[in-house]
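Enquirer: Chain order of the listed sequences is A and B. Numbering-wise (our numbering), the first sequence opens with residue 1 and increments by one. Numbering-wise (our numbering), the second sequence opens with residue 1 and increments by one.
It does not matter which identical chain is used: a pair holds within one copy or between any two.
Calculated lysine-lysine pairs in the DSSO-like style (CA-CA distance at most 30 Å, straight line): (1) Lys59 <-> Lys153; (2) Lys153 <-> Lys83; (3) Lys70 <-> Lys143; (4) Lys2 <-> Lys100.
These aren't lab readings, by the way, just hints derived from the structure by calculation.
Protein chains: 2
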Amino acid sequence: MKTLFTYNWMVREDWYKWCEDVPLEELLKVRTGGVGGILHTLFHIIDVEWSWIRVLKGKPDFQESFDGYKSLEKVKELDELFKKEVQEFVGSWESGLENKLLQETRQDGSIETLTWGEVMRHTIAHEIHHVGQLSVWFREIGKQPVSANLIGKGLTILEELKK
Amino acid sequence: MKTLFTYNWMVREDWYKWCEDVPLEELLKVRTGGVGGILHTLFHIIDVEWSWIRVLKGKPDFQESFDGYKSLEKVKELDELFKKEVQEFVGSWESGLENKLLQETRQDGSIETLTWGEVMRHTIAHEIHHVGQLSVWFREIGKQPVSANLIGKGLTILEELKK
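Work the whole structure out from these sequences, hints included.
Expert: Structure representation (structure tokens):
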């Protein structure tokens, strides 16, 4: 669980760096698919990751629109603000939490029962999926996207080799 | 681990269904980003998933090009052929395998040491990333993409509720 969250955070940092060389106009341009834009996607990923952690903690989630965050700096600041709480939650994750139940109200008003483990994996997959969309849009503007490779980042091997 | 592989297989089946309504010409059309096409991406996902499992098992992996698989039926047949072995491997996965080491030769000839757990997560993230690209291309041809939601698929909750 922690490996995949850490992977997502590393990839996100790379995307911020990659975005520094892209004019704001391109970052904000409405595009086909997903939530419809590069910076909006990064904002959406941060929003959804934090919101699900908040839901699991039984606390209010994030309800603001992208309108107030239309610069790379503002999105990065929001990420920094939220990530602390997410990292704390992920860092203290243990297998006993896997099967805790969450009652969630669907958009149609019906109730869905989820496990905490399911919600955590949903959050992981959510980011990777949206990053796939970013990679297409980056190619469209003639730029090489961030690598999606999980191997080669030293995510688990460094600790293992130290033993 | 198993949840995310099962999620990927379910999403892939949905993509096959979605692709049935798309003319072959559109499925084969060369597009911007990723491996450059809808059917080619599905082929690539199957190829990479199976190949990594084969590498972990110390067996030869898949080396064929997409040229021989340019129809939805052929790609689905290949998936069926490979998935049996992948499902068996994932089904017998246990935490003791997480930190087994794999020596892998990089493209530049240098040697990289990976853990098996890292390779498995790389395989999972690889598919989700490429499916994100499919979702953009489906919108480009005016079609709604397959949902990337992991929640709502009953992946873990059904077993938990039976207890």
